[in-house]
Each structure stands twice: as structure tokens, then as C-alpha cells.
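*Asks:* Starting from the known structure of chain Z, arrange chains V and H on it as the hints suggest.
Take a look at the letters that make up each chain.
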Amino acid sequence: MPPEPVYRSEIHRITTLAFLAAVGIALYVLESIIPLPLPFLKIGLANVSSLVSLVLFGKGGMFTVVVTRILAGSFLTGSLFTPSFLVGLSAGIASAGTMAAAHALGPRFFGVTGISLVGSVTHVLTQLAAVMTMFVRNESLLVLVPLLLTSALVGGLLVAWLSSRMILIMRKEPRSEA
Amino acid sequence: MTIADKVLLAFLVAATFSSYVLVERVTTQGSVVLVEVDGELRYKADLQSDASVIIQGASGKLTLQIREGRVSISEADCPNHICVRTSPKSRSGELIVCAPNKTMIQIVGQTDEKIRAVTG
Amino acid sequence: MRETKALPRERWKGRIDRWMPICFLACVLAACSPTTEPPVRLDTTAMDTFVSVTVFDGGEDRAEIEGLIRQAFREIGRVEEIATDYSDSSEVGMVNTSAGKETVSISTEIAGLIRESFSYSTMSDGAFDVTIGPMVKKWDFLAENPVVPSEREIHELLPLVNYKLVVLSGARIFLPLKGMRLDLGGIAKGYAVDNAIHLLRRKGLKEMIVDIGGNLGIYWEGTHLLDSTKATIYIRHPRRDDEFFGSFDVGTGGVSTSGDYQRFLVHEGVRYHHILDPKTGQPVRTMVSVTVVAPTATMADALSTTAFVLGREKGMRLIEELPEVDGIMIFEQGDSLGYSLSSGLQGKFVRSHPN
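Chains as they are written, first to last, in this note's numbering: chain Z, 1 to 178; chain V, 179 to 298; chain H, 299 to 653.
Hints may be right or wrong, so weigh each one.
Straight-line Cα separation of at most 25 Å, SDA-like style, residue types lysine to any residue; simulated pairs [said to hold, decoys possible]:
{"id": "1", "chain 1": "H", "residue 1": "K399", "chain 2": "H", "residue 2": "M421"}
{"id": "2", "chain 1": "H", "residue 1": "K646", "chain 2": "V", "residue 2": "V231"}
{"id": "3", "chain 1": "V", "residue 1": "K239", "chain 2": "H", "residue 2": "E362"}
{"id": "4", "chain 1": "V", "residue 1": "K184", "chain 2": "Z", "residue 2": "H12"}
{"id": "5", "chain 1": "H", "residue 1": "K501", "chain 2": "H", "residue 2": "L643"}
{"id": "6", "chain 1": "H", "residue 1": "K504", "chain 2": "H", "residue 2": "E362"}
No lab work stands behind these hints: they were computed from the structure.
Excised from the complex, chain Z in its bound form:
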């Protein structure tokens, strides 16, 4: 089901996507500054931009925003081409994929909350799997699962709330003639 067009022209579409990507980058960089017990334990605030792009622009738009956000965000935080970049990239793509799938089930199935939760849990578990296969090969890393799931839950709900507010605002944007 095609999403409601929230742009008036192709230029508007591109700039809106760029705006969303920028939001994602900003949130990502903001998150990186917050010190946390484990290197990859992030609340996933940047997912707000992915989720909003998904709902407003469909999965094509979302993937554009996600890849842009990850590349630019990693560049800015200095983790481009580092091992943790690969972890972030695979987690980002995996969660984007599952969110797209959840979204494709139809708006009557999963709402924003559901899609966000699907995305955050996928993100967190993919991160763990990536670290476990690429770096530290030890099953005891699994003791982190409860902690990661909790952050995914909390993060997912927070992202859902923020995203739905943002979607409402963006849809209400007054349309004026170009």
C-alpha cells in the first residue's frame, strides 16, 4: 500500500529525505557521546529517522536514509572503516530490513510501535551476533542478552513515540504552492 505522499515535488522529496538523514546522523552522533557500559549498547535513537522515512517514503526511502546515516555518522564519529563500523552497518541494515518487512504486512497489522520494536530488537541482536562472529568468539557473551533486550525494548518504545510525533508534524506541514 503506497504511503501518503508528503512531498510536493521531486526536489522536495530529496530534500526531505536529506533532512531525515541529517536527523538520523545528529541523533547517532549524540548517542555516541553518551558513555555506556558496553561499546555497542546504544538506545538506537537514530532509528527515529529510519522509521519516519519508512512510513512516509516506503522502504526505498528508508534504505537511502539508513545507509546515508550510517556512512556519514560513522565518518563523523571516526569509526568509518573500523571493526565496529561493520557491526553498526550490519545491525542497521538488518533492522531496516525487518522493519520494512513488518511494514509490508500492512498498516492494520503492525503500527509504528510494532515496527519500531521489531527494528530495535533486530538491531541489538544483530550487533551481538556480529561481535560474536567477527571478534570475540565466546558463548558467554550471551549473558549480555537480557541487558540488550531491555535497551531494545525501552529504545524501541521511545523511538516509536518520537517517530509518531514526527510523522504527525510532517504530515501536517502546510502545503504552499512552489
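*Replies:* Quick look at chains V and H alone, frame taken from chain Z:
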């Protein structure tokens, strides 16, 4: 929220809760420090004996500190130094990871499900 | 979040009724996931000591594994029969009764084992010597009332203890002096352990521990000695029966310990134990316990005795010189025990503390 949303949320809450329970069951007071680099055991020590050791990681050196029954990393050759910022660990199952160095420091309890044999 | 319209209730109700129990069940199953299958373990006695074989392979028929372990027991029994010197009809027994008389034909198996023993004799300059038989017999630790032999008795037997005198050619052996005796006690148990492991491996098993009186053979496919952390080996405390001295992790390999507490007699307040110096006929006084980790149990068994006799410096030097061999040497230090580790065990040995 759709009903599917609520179901998913409920399921995730239950899954998170049960994962805590599972991990609790496997975790006890730690007594041995294990250091693994790239999956290989490099160093093993008593959590109760104070020590300061330099470990060779995959891309640099790390200085391991064991003091007062807690282990931490005091120095490391890695870009983000997250491992150094981590608080000292003492409970079984707790971990300190330095991903760029592929190093993992783990606390293990005496009665872990390890296979054991006696010689002597 | 009101961008979705709810469907008529009837359509949703069916779905919840189907979903909830499944989700709940999934959670319950996740929480009660089965742990790994318990290993199969059988015990017996052989070679005058306790024997235990534990197989960790999962997914196999338990009865079948038990059958294979019993086959391993029979193999251990077979090694005991040919290698023991307590029976005149065993191969070694026959060699001993022909000492000073005639050459004896033995199996290539025993000849090989004797040759391997000689290699340990050569590298330790005689600290390990399977011709120590007459001394061991004189001390007779397993007798009802063991007696400390006199200096003169020991002195008389010294000329008989010398591996260089043995004439071994192919599978024919001759002990030139009457009264010479071979005693494979310092290597036979390790050899039996290795044979048991080989048998179980040939039958397709991949994860096991064989224990003959503290001589251990560990086999775990894909692992190697101290590079792996498959099994934790605890060293018995030499002076406190129910405690451990320390532990370390190993993968595939052999572990053996020689200690002054394993077989001994106390006479007039002095402890006389069963690890004799072939050059003096007396128990070695400088060491308390030596544990060796080596690629095979045979090596570990022989080397633990060898290093014990060689003492702290020479023993550790030999251990360090041999590739893939490591050890812990425990000795008396004032009122307590001190220990030294070979370089391979640095950072891998954990000293145990009483709870």
C-alpha cells in the same frame, strides 16, 4: 497501537524477563579471571590475588588490573577506550570487551559447567 | 499514533486466541531450554588403582557408549597383563625370569614401549630407568608390612640398575645380569591410557577423558594441549587429602603426576616414598609432587617421574627443553609448599584456595 503491536510488546517483555531469569541461573559469584584473545585463552588468574598484567591483543596491548577482588583495564591501545571506561567487574559471567583488540575478559565462577578431572 | 484504523473485532479476536498461547509457550520453552546431555561415565579398578572413563559425546546411544567404554576397560586390562611385572607369565615377567640366562622374544608392542622408556633414560641421563625393578621389589611398598631396606641391601642391587646394560635388538631382549628386572610402572599406566583413548577414537568417539590412577588422557576433537580450555585439571594437594593445590585448563593431551604421597611408608618418623633415584636406590628427597602435561599420556607418565627424580632445576630444564611439554613442580619451602611453573603454564595455572 494495533493489537499486533501489543502482542509483540507483551512477547518481548516476557522474553526479556525470561532471559534475565536464565542468565541469573547461570551466574554466581566469580572467582577466576579469564582473558581470551581471538577466542584463545591467554591468561588466567585468581580474582582474589592482586595483579597487574600486560596482555597482547589483536592490535595492541592492554593492561589488566586485578585489585580487591575486581578486575578492570587500566590502559589499552584502542581507538575508543571503552574498555578502560568500563567499571570494574567481579561477578561470574561479567565481561569486559575490547573489540578492536578482539579481547574479552571474563569472570568465571568455581562451579561453572566446566569439565573437570583430578590428577595426583 | 492514530494513523491506523482498527479492524472489526471479530477478525482480530481469532488471531489473539491463536497467538497468545503460542507466544506464552515460546517464552516458557525459552526459559526451560534443556541443558547439555550428561556424559557417560564408567569406573573400574585395574593396574592396582582406580580407573574412570568419561565420554562426553552427545547424541549417541548411551548403552552403545557404555559398551565401548567396557571395551576400553578390556584393553587396559590387556596392557596390564603384558606389562605387569607381578606375574611371571606376563611378557615382562618372562623377561625378568630369564635375566642372566637367555634372550627372550617379546611383542613389538612391548619392545616399542621399552625403547620409548630408554629415550627418557637417555634424555635424563638415567633419572628414569625401567631396570629399577630390583630396587622397587626390595622396597615392596605394596606389601602387608613394608620394611625399609638396609643400606647394604640397596648397595648390592645398584649394579643391576642400568638401562645401558640391556640388550634390545628388534623384538628380542636380554638382561645380562642375574637379578636384573624390568619395571614399567613409571610408564605403563600412561601407555594404557593412550591405548584406551585410541580405541575409543577408532570407534568414532570424539570427546572423552580417561583416568587411570590420576594419569589422565584427554581427547577433544579440534583442541590441543594448553592452547585449549576444554577441561579443567585439578592437582591434588600433596599434603591435604580433600583439597586441591591448583588447576589449569587443557584440551587434547596427557596429564600425569608423580608425588611422594602416592605410595609411601613411614618408618621412625621418616617418610619413604615410591619414587626412587635409580642411582642411589633411595626415595628422591627434593621434590614433593610433579605434574606434567604432554601430547600423550605415556610421555606425561614417564616425564613426571623423570622430572621428579631430576629435581627442581634439571627437571624444569628438561621440561622446558621438550617441545609441547609443560609442568608444575611442587617442593617444600620452609613450613609450606612452593611451586614453579614451566613457561607454557605461566598465566594459566590457578592456585586453589580452601573454601
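*Asks:* Each of the hints needs a verdict: does it hold here or not?
*Replies:* Hints, one by one, checked against the model:
For the hint linking H/K399 to H/M421, the alpha-carbon distance of about 29 Å lies beyond 25 Å, and the restraint is violated. For the hint pairing H/K646 with V/V231, the CA-to-CA distance comes to about 13 Å; that is within 25 Å, so the pair holds. Restraint check for V/K239 and H/E362: the C-alpha separation of about 49 Å exceeds 25 Å, so the hint is violated. Of the pairs offered as hints, the one joining V/K184 and Z/H12 is violated, with about 35 Å between alpha carbons and a cut-off of 25 Å exceeded.
Of the pairs offered as hints, the one joining H/K501 and H/L643 is violated, with about 33 Å between alpha carbons and a cut-off of 25 Å exceeded. Taking the CA atoms of H/K504 and H/E362, the gap is near 14 Å; set against the 25 Å cutoff, the hint holds.
In this structure, the hints that do not hold are numbers 1, 3, 4 and 5, in rising order.
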